[in-house]
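There are 2 protein chains.
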Amino acid sequence: MEIKVINFEEKFSKFSERFSPKIIAQMNDYHFKLVRSFGDFIWHRHPETDEAFIVIDGNFQIDLRDRPLHLKAGDMVVIPKGVEHKPYAKQECKVLLIEPAGTPNTGDAGGELTKTDLEWI
Amino acid sequence: MEIKVINFEEKFSKFSERFSPKIIAQMNDYHFKLVRSFGDFIWHRHPETDEAFIVIDGNFQIDLRDRPLHLKAGDMVVIPKGVEHKPYAKQECKVLLIEPAGTPNTGDAGGELTKTDLEWI
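Chains A and B, in that order, are what the protein sequence lines are. Position one of the first sequence corresponds to residue -11 (this note's numbering), numbered consecutively onward. Position one of the second sequence corresponds to residue -11 (this note's numbering), numbered consecutively onward.
Bound-form chain A, shown alone (with noise of 0.2 Å):
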């Protein structure tokens, strides 16, 4: 593997579609994966695994049951397994995932913003 330093505003200058995360880093069986969030995702949750999220631009929120969490930039969470939320953005944020290689996007609920394959940038 070859060792390269990666920019988070570099990578996002290369795509422009929201809720399609695109992979930039591997550290063992862990992918790191940016995705530029605008408006509501869909309520899900990973029966399998927790997942970090941190903010690099702008205000995100993520909804769960009964409380929603406000982060902006400089903010990270970590959303144990099996725990329901739904991602949502007012205006369009870029956020970096941070789970195990192969985790769906959209966990156990599937439909159609699930993405499959994703790309490498």
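Keep in mind the hints are simulated off the structure, nothing from the lab. As the structure is a computational prediction, the values presented were derived from the model and not from experiment. Among the clues, some could well be false.
Since the list can't tell identical chains apart, any single copy or any two copies may satisfy a pair.
The calculated PhoX-like cross-link candidates involving lysine-lysine, where the alpha carbons are at most 20 Å apart (straight line), are [unchecked claim]:
1. K78 with K(-1)
2. K(-8) with K74
3. K69 with K(-1)
4. K82 with K103
5. K69 with K(-8)
6. K2 with K74
7. K10 with K(-1)
8. K60 with K82
9. K2 with K78
10. K74 with K(-1)
11. K69 with K2
12. K82 with K69
13. K(-8) with K60
Please build the complex by placing chain B on the supplied structure of chain A, with the hints as guidance.
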């Protein structure tokens, strides 16, 4: 596990020691750790795991045996397992480390900079 939004700068305000990683979050069996780097760390490698570095603030250097890597805020790099590296910072910088819980900061090199029983903040 309580689900809490974590702000990097707020966590950095809780400590001033250098090269003393503090744990801020756990994802499965991985820890997210904040560290203030300044000056030369030591050459070491992690025989069992890759290690991810994300620069939160400042400029950070990771020397490899064949070249230096230069990182700034908004950059990340994954150092593959087994690869010798030496962190360095001309001026203090703030870094987020992601690696399996229990990964020693000095890898297989040991020595007086080794930190065990890392504090959660």
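Hints, verified against the model:
| no. | hint | in the structure |
| --- | --- | --- |
| 1 | K78 with K(-1) | neither (22 Å within a copy, 27 Å between copies) |
| 2 | K(-8) with K74 | between (33 Å within a copy, 15 Å between copies) |
| 3 | K69 with K(-1) | neither (28 Å within a copy, 24 Å between copies) |
| 4 | K82 with K103 | within (17 Å within a copy, 34 Å between copies) |
| 5 | K69 with K(-8) | between (31 Å within a copy, 15 Å between copies) |
| 6 | K2 with K74 | neither (26 Å within a copy, 31 Å between copies) |
| 7 | K10 with K(-1) | within (9 Å within a copy, 28 Å between copies) |
| 8 | K60 with K82 | both (10 Å within a copy, 18 Å between copies) |
| 9 | K2 with K78 | neither (22 Å within a copy, 31 Å between copies) |
| 10 | K74 with K(-1) | neither (25 Å within a copy, 26 Å between copies) |
| 11 | K69 with K2 | neither (31 Å within a copy, 29 Å between copies) |
| 12 | K82 with K69 | neither (22 Å within a copy, 29 Å between copies) |
| 13 | K(-8) with K60 | between (27 Å within a copy, 13 Å between copies) |
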